[in-house]
Amino acid sequence: MNLFVNAFLWIFDPANWTPGSQSPLPIQDRLGEHLLYTFIAVLIAAAIALPLGFYIGHTGKGRQFVISFTGAMRALPTIGVLVFLTMVLGYSLVGTTANFLGTMIALVLLAIPSILAGAYSGLESVDRQTIDASRASGMTEMQILTRVEIPLSLPLIIGGLRAGVLQVIATVTIASYVGLGGLGRIISSGIGLNDYDEILGGAILVTILALLVDGVFALIQRLTATPGVGGAVETGRTRLRRRASGPLATVGTPIHEGNGP
Amino acid sequence: MNWLFSNFDMVVELTLNHVRLSIIPIIAGFVIAVPLGRLAATGRAARGVIITSTSLLYTIPSLPLFVILPAIIGTKVLSDTNLIVALSIYAVAIMVRAAADAFSSVSVDVKQASLAMGYSKWQQFWRVEFPLAGPVLLAGMRVVSVSTIALVSVGVLIGSENLGYLFFNGKQRGLLEEVVTGIVASLLIALVFDLVLVLLGRILLPWSRKDRTRRSADSETVSLTVTTGGAA
Chain S
1 MNLFVNAFLW IFDPANWTPG SQSPLPIQDR LGEHLLYTFI AVLIAAAIAL PLGFYIGHTG
61 KGRQFVISFT GAMRALPTIG VLVFLTMVLG YSLVGTTANF LGTMIALVLL AIPSILAGAY
121 SGLESVDRQT IDASRASGMT EMQILTRVEI PLSLPLIIGG LRAGVLQVIA TVTIASYVGL
181 GGLGRIISSG IGLNDYDEIL GGAILVTILA LLVDGVFALI QRLTATPGVG GAVETGRTRL
241 RRRASGPLAT VGTPIHEGNG P
Chain X
1 MNWLFSNFDM VVELTLNHVR LSIIPIIAGF VIAVPLGRLA ATGRAARGVI ITSTSLLYTI
61 PSLPLFVILP AIIGTKVLSD TNLIVALSIY AVAIMVRAAA DAFSSVSVDV KQASLAMGYS
121 KWQQFWRVEF PLAGPVLLAG MRVVSVSTIA LVSVGVLIGS ENLGYLFFNG KQRGLLEEVV
181 TGIVASLLIA LVFDLVLVLL GRILLPWSRK DRTRRSADSE TVSLTVTTGG AA
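Residue numbers (my numbering), protein chains in the order written: chain S, 1 to 261; chain X, 1 to 232.
With the rest of the complex left out, here is chain X (with noise of 0.2 Å):
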């Protein structure tokens, strides 16, 4: 341990630059894929466009992206906006299929009741579809978060500062504690925002804890149909 002890504080300062890189994708994940996502349960021929485009985006390998990425949108290879942009990519590209889901799940008869209260169709999705689909929606945030953190660290080869700088650091010097550390420190972000987006689904979406059967078999069928891909 002691060679986190006398890099306590670049340790910090790496995960908390870790931790900033990684919120930004996966909020943007969810505030672009949810309108696409809802899209996409309009019909089979949106849903095929949809779904087809961002999986194929998800195709492309991360390193790939983060150098392809500067000569499209313009940004420097070593930007930081450069990695997000490209995180949030993949994020997109998760949370769209399982905000798809998520919206295709909602029974067709409870949207034909809200729409014969009177309800308009603004109301009904903010009322009645996003509430519903919140269980399979958080399932997905779920899975993109912790691939999202995963993912930040391949940023350390583009030049940005992260955990990923103590995997190569600790190579070069043969100090296999400071690899170690950079791994542990990634599960252990990883896990905080897992608890996090738990707590805030116990928070949000107090129902779904009732149904506790249902919810579990929703949240399964997201992790497993979102693991067709590999950005890695």
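Bound-form chain S, shown alone (with noise of 0.2 Å):
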């Protein structure tokens, strides 16, 4: 327990924080680049990723692609695509802009899957009597996406994107490595001066980033959740009765049929 007293310590020694200091210190500006990476990611991942899903989502058209190609990345080793890219950039540009490119193109790849799953997933949790009433009331399209399908689903389309962002975190920790910023410097710096205080600090603020991150995320989820539908927040025993009451439910499914609850 020792080690982590000196590891806080090492965290609240204002020494730490001065700003100016030398290379992964102050704290406050890697933590401020590690944020600022990961919500650039994220974003530019949400661009893509949340139209395509609700596309497929609304639609129920390409979902076994999307499902082969979130099996395909998960099976990407994070840091191999992080190289590779930082490499195959770096033949055309200079060294920090293809390590900067390189880095954010592989975040942005790897935030979209589940960005991608949770937005698709989302939209088919809705009840499909839901959507076919908004049909039958003479919505549009459009307004049966925007008006029924998202916010009844947001809970799942922000549990997607909370996926993203800390598997972003994390690997942003990684990107350090690659010469970037990010708390991560402060580890590989660490590792490098066989300092346990620094290397465990370090490591603590990444943690405690991601913890507070999910924290935000988990109480947005929460309150994004519709009142009195409550399917979208999904516990066993809910997808339990709702798989339970499966059939009775493809009475009125004209358009998606087969697609199961």
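Hints were generated in silico from the structure; no laboratory data involved. Everything hinted at is true.
Computed cross-link-like contacts, DMTMM-like style, restricted to lysine to aspartate or glutamate with a CA-CA straight-line distance of at most 25 Å:
1) K76/X to E13/X
2) K61/S to E141/S
3) K76/X to D195/S
4) K76/X to D197/S
From these two lone chains plus the hints, build me the complex, please.
Quick look at the structure:
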């Protein structure tokens, strides 16, 4: 436990927060970089994945593609992709630009599958009868999407973003090894100096950051759940109930036939 | 392909080490997560506690976990044990959720029927619940296997010798072929493991083949619910 005390002493040491300190310090600069990279990567990933996910979820087209794509992405070793992209870009760009761009592309690629899965499975979780009712009451497809499907599935959509953000935060830590900033810099510098207080301090900072961001997203997920619907944040029990009631619902599913609950 | 031919021995050695480092966490994940998942399927409170705590563990990014663990369990940062324990934690975190879903998916009627036929709780678990949960457990194991193999390469940052070595060595020496070899070898291991798991499923769960539509629906549910988290 002494190790943790020392690590926290390292974190709270004012000298490590002094602006203009040497390389992996001050801590707030690395923290800022970490958040900035995460924000940019997730923003780009969401701009690509959300519309695609909505399209797939609304029309039911291409879901098999998404499932295999998600699986294949998970099999790719993160650092390998990172190193590969920075090297390929390095042939035509200056070192630092190649590193930054390569890392960003890798991060975007990593965040896409989670966000995509959240968006399309969220839309699919919306009760078919509700959608048919909206269609019957004269809503256009666009209205159904923006006024019925997206609001009802918001917790799952945000769940996808949450998973993507966490993945990116974790990967930015690793990206420090290809020369980018971020909190991983503190860990790698600690390893280089064989300074375990610094290593552990950096690791604790990343962990706290991840847990905090996760907590914020958990809160948003809870707040965006439509009152009375309760289905979107599924527990095993509600899913079971839904599955059990599946066959009944097939009566009114002209468009999404065979998609199941 | 020149680089690969002249360094074939090293690639094979790193690949074998990569396999060794992945197998233990995958099996440990299954063995630990199945009882926990069964426990989580008993009720809302149990599920809440177990799933929440394991998914919190999964939230911890991998590199920090690799260096924090030694301070908790006293392993050496550079030892393989450290890496294996960390990967097992992630495997359990993924698998518990899948196992909880798997056991919740077993129909209550079937369980009651087996009790009525005089099965003890123990028999009921082994002969009814476990086999019926099989397809969803298998789907969970496939996710665990793929993500563990991908994560092993992060271990190279704390000095473990596996395919991740090729990424950094390749970067330092400017050999793109070396990096690509590492990625492809890692994907190949993931593919072989996945095939083995599917094959095991075919042998151990022969009945699930007849019911193809349901099984694929189950595995999708797992692969989707399991995506919440971010070890990377």
